[in-house]
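Asks: Position chain P with the ligands against the provided structure of chain S, taking the given hints into account.
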Amino acid sequence: MRGVVAMKTGATLKHRQRVKTRKKVFLLLLPILLFAAVFIYYPFVRTVVNSFSLVNAKGIIKGFAGLDNYAYTYGRKDFLPALRHTLTIAAVNVPITLFITISLALLANKKRRLSPVYETMFTLPMSVSMSAACMIFKSMFSPSVGFINYFFGLKLGWYESQETALSAVLILTIWMSIGFDFLLMLSALRAIPDQIIEATRVDGINPFRRIFKVQIPLISPTIFYVLCTNLVLAMMTSAPMIIIMGVSSAASATTTLMSMMYQSGFSSSDYGLAAVLSISAFLLTLGFTILSFVFERKKVHYQ
Amino acid sequence: MASVSLRNIKKIYPPVAGEKKKHLSPSDEPGANLEKTDRGIVAVQNFNIEIKDKEFVVLVGPSGCGKSTTLRMIAGLEEITEGELYIDGKLVNELDPKDRDIAMVFQNYALYPHMTVYDNMAFALRKRTSSKEEIDRKVREAADILGITEYLDRKPKSLSGGQRQRVAIGRAIVRNPKSMLMDEPLSNLDAKLRNQMRAELIRLRKKINTTFIYVTHDQTEAMTLGDRIVVMKDGFIQQIGTPQEVFDKPSNQFVAGFIGTPQMNFFHAVLIEENGHFCVDFDGFKVPVVDEDNRRMKANGVKSAPIILGLRPDSLSLVESDQYPIAHVGVVEMMGTNVHLHLEFKGKDIILVTQAKDENQHLKLDYESDSMIHFSFLPQSMYLFDIETGKNLAI
Ligand SMILES: Nc1ncnc2c1ncn2[C@@H]1O[C@H](COP(=O)(O)OP(=O)(O)O)[C@@H](O)[C@H]1O
Ligand SMILES: [Mg+2]
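Taken in sequence, the protein lines are chains S and P.
Counting from 1, position 242 in the first sequence corresponds to residue 332 in our numbering; the numbering is continuous, with no gaps.
Counting from 1, position 205 in the second sequence corresponds to residue 206 in our numbering; the numbering is continuous, with no gaps.
Keep in mind that the hints were calculated from the coordinates and are not lab data.
There could be a bad hint or two in this list.
[To be verified] Below, a list of computed lysine-lysine pairs in the DSBU-like style, where the Cα atoms sit at most 35 Å apart: (1) P:K37 <-> P:K392; (2) S:K303 <-> P:K128; (3) P:K234 <-> P:K304; (4) P:K156 <-> S:K389; (5) P:K156 <-> S:K104; (6) P:K37 <-> S:K201.
[Said to hold, decoys possible] Chain S regions said to be covered by chain P (calculated; three or more residues, Cβ under 8 Å): (7) 277-286; (8) 291-299.
Here the structure is a predicted model, which means the values were calculated and not measured.
Each residue gets a CB set at the ideal place from its N, CA and C atoms; glycine is no exception.
Isolated chain S, as found in the complex (with noise of 0.2 Å):
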């Protein structure tokens, strides 16, 4: 009896502290909270009430659209063009960037007399701001004067023509995100204790296995941060498209569905437009990002 008696004493005990902890939480997540409500929920709502209205060119709602917005602009024919280049940066760049970080790291793991100069080097891509980074590289892409045919003794049109101008967007966003990616695989591989890496050693476990079957499973959680990160980034590409492409008579071959949104929204005022690609893109990321959670559930090993 008196044990059941204590129990329940105890639960509520518990209860009034879960209670008062929650309490405190709230109140330390109010600055985010508030701020999350005007710069990021208000806009959201925003976009989708917009979505679905006919709105003048001064971005006031002049009356309910329903789904008129979203077959205007699924019927445009720049629209699949654009679905296909944003699918397609995601495509490349997530796969290459999560094979050049791992691969990096892996050469750079084991700590030597010129380690610091190697991470300095790859980790240096975060230093730059995308639109210096866009700036930069047009100037090395440039077909005439540029650093990368002169190099490389091309002679390829690069931003300025239909087939090459998404080659050079995607080297370029790969680029960027070298750097932050990088860092993290370094960091979470150095977190492997040596004494793991010493008992495949012992074990006579050869390096592709060692990579495989260890090292990668055991930066799993890593690997999935950057491959969301990334996935996310990459569907969001547009400062390319914009700062570089921006005039040339090639940038129909790297409209994505974000740049094809801020000329709609920001050079033709066209906010019902703007409004259904912005949805249609976060709908697409939100879609691979449950699928890369289920990817997670199989292959991501947490310590």
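Replies: Then chain P with the ligands, alone, in the frame of chain S:
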């Protein structure tokens, strides 16, 4: 078949860039007494031993004395700076760990955290040559020996320390290595589990019959497990011998103090030669040296001189008579069968171990703290050490 010979092995760790200040480390830090050369710190030197096939050798010594370094050189995880390492008569200095036919158990288990217990053990076996059935048989056999069959599908995270250590040992024995290296495998376990695992290691050793090289800082483990013990200090071997030899005939004061618990008591005394016979002047009491030691000391050319006298706590006994040295009782530790008396004698703390009960199983209650007692010892229980070098004078 796996004999292991270490000949004049030396290890120098090159100085690490940006760690120069470490030389100023206080002297109680591990490794502070290691020799430092301009090539770096000498973690191990002059290491010579011939380990026989199926022998169980324990490297023991205080933290930082170079045990792990030695073991890692044998494993091939650490480069050998100088000297030769032979396994089965073959020089293996330059051989990869995988080609040395060894298995190693690490202090922190080093299990693959993302694999099940089964996979942890099977991982190293999965090579093109072995069939699935054979791997399965080996894994289950090892699991059976170690009593971990029921955890085969679990991940290490969900196991207790003792179970993890068993898995680590299992991972080593499935490969049926010629030699088994263990670096403080029990030091992460609590005292009770450690005792239990120690007994299991002894049993295991009978079953698997390979050469064992075992590192520990715990002298009890060394005494109970080893066929031979290698006592190390500051990168040097102090003594190699069977547990009995090391206990009975420690080569120097360090070994005498390190092996045996509670620690041996050391006193300043004077060795006097009278009519061809040595005796020890201990605080005015003259104690004759036993004949055997007397003979050896003469052969060693020992002269009358101040010395260090070593007496194990259990060779001191309480006496009623006031003819004997007197000490002040400090702390009294009741250990069950024995009582440890911490005594103060001439400003020195010493320990005396005595039975808690008399012949009639009555508790003796006359060890009150803050009282005075008299103690004596037998001549044959004396250990005599050179006051400067610490060398045992009678071996
Ligand atoms: N990788 C290393 N680099 C430099 N010094 C080391 C390294 N590993 C060990 N040492 C030094 O070598 C000495 C012996 O270490 P170790 O063999 O690990 O001692 P033990 O295992 O007996 O405690 C210690 O002083 C330690 O600081
Ligand atoms: Mg060690």
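Asks: Now tell me if each hint is right for this structure.
Replies: Evaluation of the provided hints:
no.	hint	in the structure
1	P:K37 <-> P:K392	24 Å, holds
2	S:K303 <-> P:K128	13 Å, holds
3	P:K234 <-> P:K304	28 Å, holds
4	P:K156 <-> S:K389	15 Å, holds
5	P:K156 <-> S:K104	32 Å, holds
6	P:K37 <-> S:K201	23 Å, holds
7	277-286	holds (count 3)
8	291-299	holds (count 5)
Going through the hint list in order, the structure satisfies each hint without exception.
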